[in-house]
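S.K.: Here is what each chain is made of, one letter per residue.
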Amino acid sequence: MTALPTGTAKRRTPRNRGGGWIGKVMFHALMLGIAAIFLLPFWWMLISAFKNNADIFSLDITWWPDPVRWENVVALFTRPDFPFLRQFGNSVFYAGMVTLGTVLSCSVAAYSFACLRWKGRDAVFALTIGTLLIPAIVTFLPTYIVFARMGLVGTYWPLIAPAFLGEAFYIFMMRQFFLGVPRELIDAARLDGAAEFRIFWQIVLPQAQTALVVVALFSIVYTWHEFFGPLIYLNDRNDYPLSVGLFTFRTQRAVEWPITMMGSLFTALPLIVMFLFTRRLFREGLATSSLK
Amino acid sequence: MGNVTLRGVRKLFGSLEVIKGVDLTVTDGELVVFVGPSGCGKSTLLRMIAGLEDVDYGDVLINGIDVTDMAPARRGVAMVFQNYALYPHMNAYDNMAYGLRRAGLRRAEVDPRVRRAAGMLQIDHLLDRRPKAMSGGQRQRVAIGRAIVRDPKVFLFDEPLSNLDAALRIETRAQIAALHRELRATMIFVTHDQVEAMTLADRIVVLNAGRIEQIGTPREVYHNPANIFVAGFIGAPAMNLIPARIAARAGHAFLLRLGDVVEPVELKGDFGGSTGDIVTLGVRPEQVRVSEDGQPAEVVLAEHLGGETILHLRLAERPLILRVQGDLNVALGAQVPVTLDLGGASLFDAAGTSLRRASSG
Amino acid sequence: MTSTPAPSLRRRRSGRSEALAGWLFALPWLVKLGLLTLLPLVATIAMGFMTMPITGMPRWVGMANYDQMFADPAFLKSAQNSLMFAFISVPIKLVLALGLALLLHRARALAGFYQTVFYLPFLMPAVAGSIVFILLLTPGAGPVNLALEGLGLDPPDWLRDPQAALWTLVLISIWPLGVETLVFLGGLQNIPKDVNEAAELDSPRSWHRLVWITMPLITPMILFNLVIGIISSFQIFVQALVIGGTEGQPAQSTLMFMVVIYRTAFRYFNLGYAAALSTMLFLAVLAVTVLVFWSARRWVHYEGDTT
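These protein sequence lines map, in sequence, to chains E, H and R. Each residue of the first sequence is one higher than the last, beginning at 1 in this note's numbering. Each residue of the second sequence is one higher than the last, beginning at 1 in this note's numbering. Each residue of the third sequence is one higher than the last, beginning at 1 in this note's numbering.
These aren't lab readings, by the way, just hints derived from the structure by calculation. As the structure is a computational prediction, the values presented were derived from the model and not from experiment. Some hints here could point you the wrong way.
Stated by the list, open to error - Derived contacts from chain E toward chain R, CB cut-off under 10 Å, selection only: (1) Met-31; (2) Trp-63; (3) Trp-64; (4) Thr-128; (5) Leu-132; (6) Ile-137; (7) Val-146; (8) Leu-271.
Said to hold, decoys possible - Computed list of chain R residues with no C-beta within reach of chain E, every gap over 12 Å: (9) Phe-70; (10) Asp-72; (11) Leu-76; (12) Leu-210; (13) Trp-212; (14) Pro-250; (15) Ala-251; (16) Arg-297.
What the hints assert, rightly or not - Across the chosen pairs, the derived CB separations fall in these ranges: (17) R/Phe-293 / E/Arg-198: 35 to 45 Å; (18) R/Pro-73 / E/Gln-252: 47 to 57 Å; (19) H/Asp-165 / R/Leu-27: 42 to 52 Å; (20) R/Phe-113 / H/Pro-243: 55 to 65 Å.
Just so you know, even glycine gets a beta-carbon here, dropped at the ideal spot from N, CA and C.
Produce the complete structure using the sequences and hints provided.
M.R.: Below you can see the structure in the form of structure tokens.
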């Protein structure tokens, strides 16, 4: 039977597991310091976008633009030699189309690898993984020649069409997700006599919604960043997506740093905003794909 | 080897108090079982002894030394986990040798200890296997071996049998009991299964919602439960708890009116309580007897276990469970005359506390 | 009651339709695999043995391209640069990512915030990131040198000193280590809680647990990050282009292999030679990957179930 407590009356500080409050403060100081270092480039981009050349390169480093030059924003959108808005639209178009194609093609392929049984499946999948070792340039050169002969240089076709056939990395990622779908669902549907496509479309796909969104997000990010393909295939400045547009503007106008920074800011911003709303999904996507 | 003392130990999760002031002493060589329903805090208490959970108030002492602020590895305890917690990338030998090697022991010292433990648990043939190549029972024995090898002051077992199948559970239970006898080590064992508690323990600690309800030997806890909770928790099928009233009392003789039953029953024993008090009478199922001059009770359910029979009855609108050796052939709905053998019965007051006075037998 | 057909017949039929569906579903990818991946691979290898003038037909020249390659200072310099870059930046990146992951694993408060912060650089397009780093590293006007001087160090002229320029690229490529960190974090969180606790009880010193239990159990993640890291660092392009242009300023110190391939193919229009260079890149990636996997047998622990 419990007698009256005879132990220490005062509250104990948690043992080393939390480190007590001193340990906690030091830990967070460290983390915040590292975080600050990581955010520095973003901050610098932000403030440089609102300075002018002289401010940026002055030896008196300022951590906040003084004065804040809002006119840079207007300048960005109105410069004739930097069709920013057009290129922004191109990026949206490019990323959107590629993502659409990727999600469609990779989900069917991944489903086939994960949930359907056919002869040679595992060998083909191993081959698929193997292609991740092939540097992009190796497949790029001959296909470029072919597309050139077809007269498709200068259009987005060579950049978008292949996305509708699949991409090894995303197929791998989606397959991981599909493997997590309980087999019983599929077996039960088969027992009910459902057609294979119906099983895929109505039963398995709704289960893997997270997977689709994660793949879409990654695809958007990577395509937004995509540089080499558009650089080679596109020639007209008005066709460029932002990644290439920013690059060419900078190489043409080496001294226009504020505009360049403003352009960088607006190129990065959409992705950041998108990310802030979908953080958890990114994390899940990585978690599943790395546990191979 | 080792004794453990807990003094005024309390733990809070935010504003929720999960361990509400525990005082306890485990003496050298004892096997003490913490038992209680899910969420009662028994695992938390064990982990506080191990050092895996922080203590908010109170002290934990091992062999008289205050270890409350000490790291787990320094306390001289060894723990066997419910999910075995073997190091997946090492074979059984390395799993067991790990702690010793880190402590700086040479191979010549490590090897005999590992082999001795392996011999005790009959896992010699498994020493170079990885956990994933072993069955649950084998993994559990390796986990126990890992604890033995460290020669700890106290062994801590956190529901080690819960993940094993029924037959394996009984076998491993016997092995642990044998181990206890052989090593004569101090052991604290946590389980939610009161059968395990009853069969293994030198003493049982019954916990409920962060509080100790009773500490006692299995016999004490069974025959003299401190309150209704313990009475209902220990023993399967559960003790019959019958609401009653003290109609009259004279010294150690009580006349109880049970529910709506007209005839009062006689109870003899050293209990507290006055005439007119509302009480609860506790009668174990094996003390409900079939008797020609008993009250008729309706059979609601009959469970034939072969060696014994358990009848769920209905007497005067109240449920009653009867347990008898052998096979009793009765039909559902039949009326069976029963009496209550009240020698050794328990009596609880309106708050649920046992009214029995003096030391229990 | 309808009689069910003989079991074997039924199984075969459903098996056949499943197999057919399997092929159909995979068809688009198979097309790409064959036509747009494997075929071009063979084609590139073949092209490496040819010369491909802009006008006129391609001609077989045997090993001529490769002979030229090994005497080509641009090839040698860029290969050296790329290898150095890979073997410097990848280990540093992995060590930092692992350290960060260990810290994140400990953090309970604000964990989500920190993860967001460390993942953010990954979202910055490489072009923009490189440009910003140029500003950051500009001596005098950039805060990096200011901070280093404040610590008493003598910082180099990152962009104009050939010795330091490569390190500029290293810095730029290390900064977005969110992906690697999260992979490691996933691995750390995958270690069962009670295995950690058992190790806590068993380990006299706290670093024992890290070295003997935690690290071995995340070796699969290390392998993954290592392979991915090497493959992508061999192919670094846009950052090198921004920092050093097509000539790898200053003094070819930032000339990376992909930049050489790029200018060979699309500035000088020497497709045959570019194909040979690409084949070389492929072989290098293959060789290093095989080496890493072969060595992996010794240091990677694949765990099974513990329960």
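S.K.: Given E/Leu-132 as an interface hint, is the shortest Cβ-Cβ distance to chain R below 10 Å?
M.R.: E/Leu-132 check passes; min Cβ-Cβ to chain R is 8 Å, inside 10 Å.
S.K.: Once the shortest beta carbon distance from E/Met-31 to chain R is found, is it less than 10 Å?
M.R.: Since the shortest Cβ distance to chain R is 6 Å, the answer is holds.
S.K.: Next item in the hint list is E/Trp-64. Is there a CB on chain R closer than 10 Å to its CB?
M.R.: 13 Å, violated
S.K.: Would you assess whether R/Arg-297, listed as outside the interface, keeps its beta-carbon beyond 12 Å of every beta-carbon in chain E?
M.R.: At about 16 Å from chain E, R/Arg-297 clears the 12 Å cut-off, so the statement holds.
S.K.: Is the shortest C-beta separation between E/Val-146 and chain R less than 10 Å?
M.R.: Holds, about 9 Å.
S.K.: Per the CB criterion, is E/Leu-271 less than 10 Å away from chain R?
M.R.: 4 Å, holds
S.K.: Taking the closest pair, is the beta carbon of R/Pro-250 still more than 12 Å from chain E?
M.R.: 15 Å, holds
S.K.: Decide, holds or violated, for the assertion that all CB atoms of chain E are farther than 12 Å from the CB of R/Leu-76.
M.R.: Its Cβ never comes within 12 Å of chain E, the nearest being 19 Å, so this holds.
S.K.: Beyond 12 Å from chain E, beta-carbon-wise, is R/Phe-70?
M.R.: Label holds. Min Cβ-Cβ 20 Å, cutoff 12 Å.
S.K.: Can the suggested window of 55 to 65 Å be confirmed for the beta-carbon pair R/Phe-113 and H/Pro-243?
M.R.: 58 Å, holds
S.K.: Using Cβ atoms and 12 Å as the threshold, tell me whether R/Asp-72 really stays out of contact range of chain E.
M.R.: 17 Å, holds
S.K.: Please check whether the beta-carbon of R/Ala-251 is more than 12 Å away from every beta-carbon in chain E.
M.R.: Since the minimum Cβ distance to chain E is about 19 Å, R/Ala-251 lies beyond 12 Å and the statement holds.
Against the hints set out earlier in the document, violations occur for numbers 3, 18.
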